[in-house]
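J.: Okay, here's what each chain looks like letter by letter:
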Amino acid sequence: MIPQADSIAMTLVNTNGHSNGTAEAHSASVYDILNSPDNPTSFYSTDEQRQNFKIASAGCKHLFDMKHQHSIPSNASDRDTFRQTFITAVDYGIAWKIAMSEVRSSGKTDDPVRSKKRKKLNEQLPVPHCTSCQLLSNRLHICLHCNYLGCRSQRHIQQHLKKENHTFAMDFSNQMIYCSLCSDYIYDKELYDLITKPKLLRMYKYLRRGKKSQPQFIDWIPSDSEQTLITTQSSLLPCRGIRGLTNMGNTCFMNVILQSMAHNPLLRAHFLSDRHNYKSCKRKYCMCCEMDKLFEQLYSGERSPYGPCTFLQSMWLSLKELAGYAQQDAHEFFISALNQIHADSKDHSMDDCHCVVHQTFAGLLQSNVTCLKCGNVSSAYDPMLDISLDLLPPEKKKKQITQPLPGDNAGKLGNPLLTSKDKQESPNSDQHQSFFAARRAREANSLTDCLDRYTKPEKLGENQYSCGNCGHTFQAAVKQLSVKRLPQVLSFQLKRFEHGKSATKIETKIKFPIDLDMTPYTTEYGDGSGKHSDKKSHRSSNPPAYNNINVYTLFAVVNHQGKMDTGHYTMFAKHRGQWFKFDDHHVTMSYQKDVLDSKAYMCFYIKKSLDYGFG
Amino acid sequence: MSASNAELKAAIDRRFVLSGERARLLEFVKQRLAETGWNDALYAHCSESFKARGIENVSMDTLLAEFSDHARASVNENIKKELLVQIKQFLDANLD
Ligand SMILES: [Zn+2]
Ligand SMILES: [Zn+2]
Ligand SMILES: [Zn+2]
Ligand SMILES: [Zn+2]
Ligand SMILES: [Zn+2]
Ligand SMILES: [Zn+2]
Numbered sequence: 001m002i003p004q005a006d007s008i009a010m011t012l013v014n015t016n017g018h019s020n021g022t023a024e025a026h027s028a029s030v031y032d033i034l035n036s037p038d039n040p041t042s043f044y045s046t047d048e049q050r051q052n053f054k055i056a057s058a059g060c061k062h063l064f065d066m067k068h069q070h071s072i073p074s075n076a077s078d079r080d081t082f083r084q085t086f087i088t089a090v091d092y093g094i095a096w097k098i099a100m101s102e103v104r105s106s107g108k109t110d111d112p113v114r115s116k117k118r119k120k121l122n123e124q125l126p127v128p129h130c131t132s133c134q135l136l137s138n139r140l141h142i143c144l145h146c147n148y149l150g151c152r153s154q155r156h157i158q159q160h161l162k163k164e165n166h167t168f169a170m171d172f173s174n175q176m177i178y179c180s181l182c183s184d185y186i187y188d189k190e191l192y193d194l195i196t197k198p199k200l201l202r203m204y205k206y207l208r209r210g211k212k213s214q215p216q217f218i219d220w221i222p223s224d225s226e227q228t229l230i231t232t233q234s235s236l237l238p239c240r241g242i243r244g245l246t247n248m249g250n251t252c253f254m255n256v257i258l259q260s261m262a263h264n265p266l267l268r269a270h271f272l273s274d275r276h277n278y279k280s281c282k283r284k285y286c287m288c289c290e291m292d293k294l295f296e297q298l299y300s301g302e303r304s305p306y307g308p309c310t311f312l313q314s315m316w317l318s319l320k321e322l323a324g325y326a327q328q329d330a331h332e333f334f335i336s337a338l339n340q341i342h343a344d345s346k347d348h349s350m351d352d353c354h355c356v357v358h359q360t361f362a363g364l365l366q367s368n369v370t371c372l373k374c375g376n377v378s379s380a381y382d383p384m385l386d387i388s389l390d391l392l393p394p395e396k397k398k399k400q401i402t403q404p405l406p407g408d409n410a411g412k413l414g415n416p417l418l419t420s421k422d423k424q425e426s427p428n429s430d431q432h433q434s435f436f437a438a439r440r441a442r443e444a445n446s447l448t449d450c451l452d453r454y455t456k457p458e459k460l461g462e463n464q465y466s467c468g469n470c471g472h473t474f475q476a477a478v479k480q481l482s483v484k485r486l487p488q489v490l491s492f493q494l495k496r497f498e499h500g501k502s503a504t505k506i507e508t509k510i511k512f513p514i515d516l517d518m519t520p521y522t523t524e525y526g527d528g529s530g531k532h533s534d535k536k537s538h539r540s541s542n543p544p545a546y547n548n549i550n551v552y553t554l555f556a557v558v559n560h561q562g563k564m565d566t567g568h569y570t571m572f573a574k575h576r577g578q579w580f581k582f583d584d585h586h587v588t589m590s591y592q593k594d595v596l597d598s599k600a601y602m603c604f605y606i607k608k609s610l611d612y613g614f615g
Numbered sequence: 001m002s003a004s005n006a007e008l009k010a011a012i013d014r015r016f017v018l019s020g021e022r023a024r025l026l027e028f029v030k031q032r033l034a035e036t037g038w039n040d041a042l043y044a045h046c047s048e049s050f051k052a053r054g055i056e057n058v059s060m061d062t063l064l065a066e067f068s069d070h071a072r073a074s075v076n077e078n079i080k081k082e083l084l085v086q087i088k089q090f091l092d093a094n095l096d
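Sequences listed follow chains A and B, in order. Under the UniProt record's numbering, think of the first position of the first sequence as 1, with each following residue one higher. Under the UniProt record's numbering, think of the first position of the second sequence as 1, with each following residue one higher.
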């Protein structure tokens, strides 16, 4: 049995600082508005859609029946009990999560205040365990009909559901609902949005207290008059946003970038919420207007491919150097488009710009130069919109890159940065040697390898650095890059094209992850640990934690096939949790595996901790 | 299993969870699995089966029944060894 709601509420009052009652009941939710019986029929295209919507927002037809027993009065109490039990179950699960995270964070520091708190929490909150086998660690589930707490691993919860003829249970650790009639976990959007999600957000906020402040957002709660406006002046539309783009003569380089922008959650939110309306903008050749038109077209419901000729034309006219665009490089186009959208934004400025481009992509790089004679560190800062990463030339591999520069004697001086790195890479035993060698070979061509190289200390040439501390004389020095401020959307270019005497393309496959933790590459991380060399050990000992604000998730990938000049661009983008492949006008469903197997030219990641209902 | 054995098991299980060791090892395993590409490979393996039979005919229960053996067998042996070492360390430290 799960404990009394009181004791859980007590814990939540203590940890959240305020009562964790059913706050979600006070204002009309989007579901109340959508399901209101007062809505005019014009709001729903068809009666069928009215019904479809309700079913679509329920996890399965069984849960739909459970939630919408309005017409049968005798079942109304069942429905309310189910809802209340679910709320209690979610509260208990979250309270336990918080308690366990207190244990973990206090475990290392052994701070007496914290361990006292841990004791208090553990005493207050009943320890969840399987009613049948007493164990704690076997995937606990709570029956949402009778509060039975049982494990999945030994099938105690399944046996209970079957025996008692109960249908729904909640996974204690991740608040997912299991339906025994479907034999499956189900995704009930309404229960998640109204109950689970607000509680999780409060938990994340609590767990991050005292840490770096989070981007703030305010929930929009429509007023009564706004509700009336919505339901009388608009109608519900099916999901949209997938539309191919016509190739207007070698314009695939543009099409892939436009799709990457169309599927960028922050740009999409900006333009779909009418923050720049082309009908009221007076600017000539305004790129913001072009973005607005693009979104209008992609979300118009029209299925035939769209030819973004006015976008290209406006780019040409507002940006002289693009005319007769010979290079046709997607990355160059991307940067030009960003700069132009920034310039055409109403609220753009020279520094600390708050335009949509800078709010989305702007980060700050820090470059530290350490004088090897006096140890003086001088820092410089560089704004960034994306990160361009060098690839190892094929076949030559690492050797050439780490070859010491002429006159380099950093090693002899015992530079701590370099020696500790060397130590890490030359472990003593043979077994370790081969382990690290294998690991290096496997990882030499991953995105995180490229980032390791990007942020590793680099020796400067003889006459490259004049140290102010050493009386402005040239000194041997080491330069190191780190990310001082991470952007909301992190875009990478993998430099596959070498514009040397003969233009060549590096075809090496670069492995890139779905989730990327940028913590090891931040300035803060480097400062904190003192050494910059243990990035790999950071990666294995501290995997991306759910409350780590530096974790990113992949949402778009741009690929280039064929030779440098004659090749073709395609891209993958994630839309409502599903991957799609965009090949100009041709759009197909795709799988994550196809995305990860592709040879990326550009990768787009968005911060996970931003809550924009992404994915 | 005798009564005292079951009691001992329950006590260790409790310590394992409440000390935070279970959560730590869980994250450790997740990370190592991701490093070896286990997730990606299993995802690909399952999605092939999805394509073949249609997404409507797939449930968590059937998925587990069909792929659990394969999933367990395809875990890198080193990960199993590393995990075993850590569990042994935990037991040594807690069985006195
Ligand atoms: Zn059990
Ligand atoms: Zn039950
Ligand atoms: Zn069901
Ligand atoms: Zn405009
Ligand atoms: Zn700007
Ligand atoms: Zn100096």
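One thing to keep in mind: the hints can contain errors.
Listed below are the simulated BS3-like cross-link pairs for lysine-lysine, each with C-alpha atoms no more than 25 angstroms apart in a straight line [unchecked claim]:
no.: 1; chain 1: B; residue 1: K51; chain 2: A; residue 2: K599
no.: 2; chain 1: A; residue 1: K197; chain 2: B; residue 2: K30
no.: 3; chain 1: B; residue 1: K51; chain 2: A; residue 2: K593
Using C-beta positions, here's what the derived DEER-type ranges look like [claimed, not checked]:
no.: 4; chain 1: A; residue 1: N339; chain 2: B; residue 2: N57; range: 27 to 37 angstroms
no.: 5; chain 1: B; residue 1: I55; chain 2: A; residue 2: G307; range: 28 to 38 angstroms
no.: 6; chain 1: B; residue 1: G54; chain 2: A; residue 2: R275; range: 34 to 44 angstroms
Don't read these hints as lab results, they were simulated from the structure. As the structure is a computational prediction, the values presented were derived from the model and not from experiment. Ideal Cβ positions, reconstructed from N, Cα and C, are used throughout, including at glycine.
J.: Please go over all the hints and tell whether each is borne out by the structure.
T.: Evaluated hints:
no. : hint                               : in the structure
1   : B:K51 x A:K599                     : holds (24 angstroms)
2   : A:K197 x B:K30                     : holds (24 angstroms)
3   : B:K51 x A:K593                     : holds (13 angstroms)
4   : A:N339 x B:N57: 27 to 37 angstroms : violated (50 angstroms)
5   : B:I55 x A:G307: 28 to 38 angstroms : holds (33 angstroms)
6   : B:G54 x A:R275: 34 to 44 angstroms : holds (41 angstroms)
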